[in-house]
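These are the residues of each chain, in order.
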Amino acid sequence: MRPSQAAWRRFRLTGWLGFFGLILFGGHATTYLAPAQQWIFQVGGALLALVLALDLLWEPEGGGSVAAPPFWSSLLASGVHWVPLLVFLLAGVTSLKLPEGTVPQGGIQTRLLDPSRLAADGAGPGGELSDGSVETDLIRLLGREIPEEPYAAELVGRVMRLTREQIGESFVGWPEDVEPVILYRYAVACCAADATPLGIALLDLGALSFPQDGWVRVRGQVVPFLQDPFRVGLRVESLEETDKPDNPYLFWLSSL
Amino acid sequence: MAHSSSGSSLDQRIISLVLIAVVLAFYLPGMVWDSGSLSSNLELLNSPPPVKWRENFATYFVSIVLEAAPYMMIGALVSGLIEVWVPQGLLPLLARRLGWLGIPLMALLAPLFPICECGVLIVARKLLTKGLPLPHVVTYLLAAPVLNPVVLGSTWLAFYRDPLYPLLRAGGGLLVPVAMGLLVSFYPVARALLAQWRGGCSHGCCGHGDHQTITAPAGVAAHSRHVMGHVRDDFLEIAAYFLMGVFLASALKTFVPYDMLDAVGSGPVLGPAVMMFMAFVMSLCSEADAFLAASFVEFDMFSHTAFLVFGPMLDIKLVLMYMLLFQRRFIAIFSVAVTLMVGLYIAMLRLVPEWVWDLVVGSVTGGQL
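Protein chains in written order, with our numbering: chain A, 2 to 257; chain B, 115 to 483.
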């Protein structure tokens with residue numbers, strides 16, 4: 002006996018609900034969505050659950066009087082609704098990474114974000130900590146005017162050593178004696194799909210070792226770089242490996 | 115499924131086959147190679163990091179689905195409420211009384227009924243079944259995702275509180291949809307719409323099989339069942355096309371090197387063209403695309419505006435979802451027309467003398483940004 006139209010409908014909804022549920026109850030929403038978007042996601046998930054629940058409670062409208070298509074045809078048509086869950090199960094929990102060897106020229110924001118439109122207030126880049134350093138992130142760091150005097154800052158991000166070929170136009174004039182290493186992190190507004198990589202040059206690394214494209218916590222002095230007031234570098238004082246943050250992305254709306 | 119025609123059922127099967135095959139081809143070989151065991155990779159939290167492009171593709175795909183699918187559900191809910199609560203005949207009556215003025219009015223009313231581009235198609239289909247003429251529907255379809263208070267607010271924030279950008283975006287979001295609505299009024303409806311969407315809500319056009327027309331107050335329970343039925347069916351019907359669009363957008367985002375596009379140039383013609391192409395390929399939500407546009411500092415204000423106006427009107431996801439409403443030939447003509455209209459809007463902006471921009475910015479901000 003062929004499953005009914007209603008049964009196939011519920012099978013499709015279950016695919017979506019399974020995907021939503023795995024993300025929501027597995028605590029993975031923060032890996033993909035900005036905080037405001039997570040709320041919308043929960044509303045959508047609740048609506049989906051309600052639709053399925055009511056479909057189970059009520060008889061489908063006229064569904065029983067319509068003949069169900071052949072089994073394999075319905076199964077194939079239903080498969081598409083399980084694709085998001087399939088991708089998530091096969092790929093696992095993922096976050097964006099800069100592909101090695103294809104770092105785009107000018108693709109990592111190391112300039113101040115459009116210096117012609119600096120933030121209106123002239124306050125410092127972040128809250129001052131008890132030891133005189135400044136708590137900041139790459140959005141705040143790159144979105145504000147560089148003070149005349151260097152200041153101490155601590156940043157968390159991914160560290161990547163670049164080749165001279167990868168430096169490209171973003172870093173014209175990079176000194177020959179300075180190893181091209183950057184600290185970068187993606188900034189998002191809504192979800193990982195709109196992510197923009199933000200980066201800062203790491204200077205005076207000396208003999209410090211670091212994992213290529215690994216997560217690190219770096220402390221140092223924020224200084225102008227390349228004799229360009231709109232580029233910044235971080236003169237490194239300490240660097241240590243750290244765990245991937247629960248929120249691997251920076252969020253534009255919480256930093257502007 | 116009762117809601118879809120045999121044509122869209124075939125499309126769903128094809129989309130399903132293609133997506134499942136490609137996803138398995140993307141990940142299974144890598145999983146077997148990297149770990150030697152399929153079962154260990156199905157332990158979600160312990161899956162070893164795959165090659166970067168696979169990881170990036172999955173991140174884009176999952177994040178777009180998570181971000182957009184709720185808006186589709188909300189759009190389906192709005193559509194269901196329109197189906198139940200908007201009397202048949204009201205919208206065509208209003209459209210007849212207003213005449214051609216109804217087209218710009220649809221754009222001006224869009225901020226009062228804002229909806230993301232992922233959900234607007236579902237609402238637009240419902241407005242059609244309620245008898246609203248196609249030109250009015252097209253105007254709303256294009257204007258609603260742009261003339262959205264949240265979208266304009268995020269644009270303002272993304273460009274560091276510069277009011278010019280949301281103004282330019284709103285201008286494009288008003289003029290281009292109105293122009294498109296007026297253009298579409300000359301296009302035969304029978305050659306634009308798929309057969310099941312012509313002629314308002316007749317038998318089976320809403321696709322609910324034994325469609326029950328509510329001719330008398332039937333109570334909250336019956337109304338609720340009707341609304342939820344529409345939510346369910348609209349969402350499931352559009353989901354396949356949506357996922358295909360997300361797949362294509364994710365693949366292009368993963369594999370297209372955008373620095374190559376930067377190298378093409380950022381001149382007065384190429385700049386807007388490149389930015390429109392990027393908007394089409396990136397398929398971003400209109401509430402967030404301004405932040406990405408702002409990061410392209412090599413491009414000028416006009417190129418940014420082209421990105422901000424074009425993206426919510428036409429991208430890969432939307433073109434595929436349009437296939438549920440429009441004939442393919444119309445979609446092609448429509449796409450070209452939207453592109454030309456946005457280009458024309460940008461060209462008009464370039465003709466404006468600089469002192470006018472200074473005056474506009476000065477009057478809005480009191481001389482300060």
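Treat the hints with care, since some could be wrong.
So these bits of chain A aren't anywhere near chain B, every CB distance computed over 12 Å [claimed, not checked]:
1) Arg10
2) Asp56
3) Lys98
4) Tyr152
5) Glu155
6) Thr164
7) Asp195
8) Gly207
9) Ser210
10) Val224
11) Gln228
12) Glu238
Pairwise CB distance ranges, derived in the manner of DEER restraints [claimed, not checked]:
13) A:Arg236 - B:Leu223: 29 to 39 Å
14) B:Ile134 - A:Pro151: 19 to 29 Å
15) A:Ser210 - B:Pro143: 53 to 63 Å
16) A:Pro225 - B:Gly267: 43 to 53 Å
17) A:Ser5 - B:Arg442: 42 to 52 Å
18) A:Leu25 - B:Trp167: 22 to 32 Å
19) A:Leu55 - B:Gly381: 54 to 64 Å
20) A:Gln228 - B:Val132: 13 to 23 Å
21) A:Ser239 - B:Ile128: 22 to 32 Å
Source of the hints: derived by calculation from the structure; they are not laboratory data. Every residue, glycine too, gets a C-beta built ideally from N, C-alpha and C.
Cross-check of the supplied hints:
no. : hint                            : verdict
1   : Arg10                           : 7 Å, violated
2   : Asp56                           : 6 Å, violated
3   : Lys98                           : 5 Å, violated
4   : Tyr152                          : 22 Å, holds
5   : Glu155                          : 24 Å, holds
6   : Thr164                          : 15 Å, holds
7   : Asp195                          : 4 Å, violated
8   : Gly207                          : 28 Å, holds
9   : Ser210                          : 20 Å, holds
10  : Val224                          : 21 Å, holds
11  : Gln228                          : 19 Å, holds
12  : Glu238                          : 29 Å, holds
13  : A:Arg236 - B:Leu223: 29 to 39 Å : 56 Å, violated
14  : B:Ile134 - A:Pro151: 19 to 29 Å : 55 Å, violated
15  : A:Ser210 - B:Pro143: 53 to 63 Å : 33 Å, violated
16  : A:Pro225 - B:Gly267: 43 to 53 Å : 33 Å, violated
17  : A:Ser5 - B:Arg442: 42 to 52 Å   : 32 Å, violated
18  : A:Leu25 - B:Trp167: 22 to 32 Å  : 27 Å, holds
19  : A:Leu55 - B:Gly381: 54 to 64 Å  : 56 Å, holds
20  : A:Gln228 - B:Val132: 13 to 23 Å : 53 Å, violated
21  : A:Ser239 - B:Ile128: 22 to 32 Å : 56 Å, violated
Of the numbered hints listed earlier, those contradicted by the structure are 1, 2, 3, 7, 13, 14, 15, 16, 17, 20, 21.
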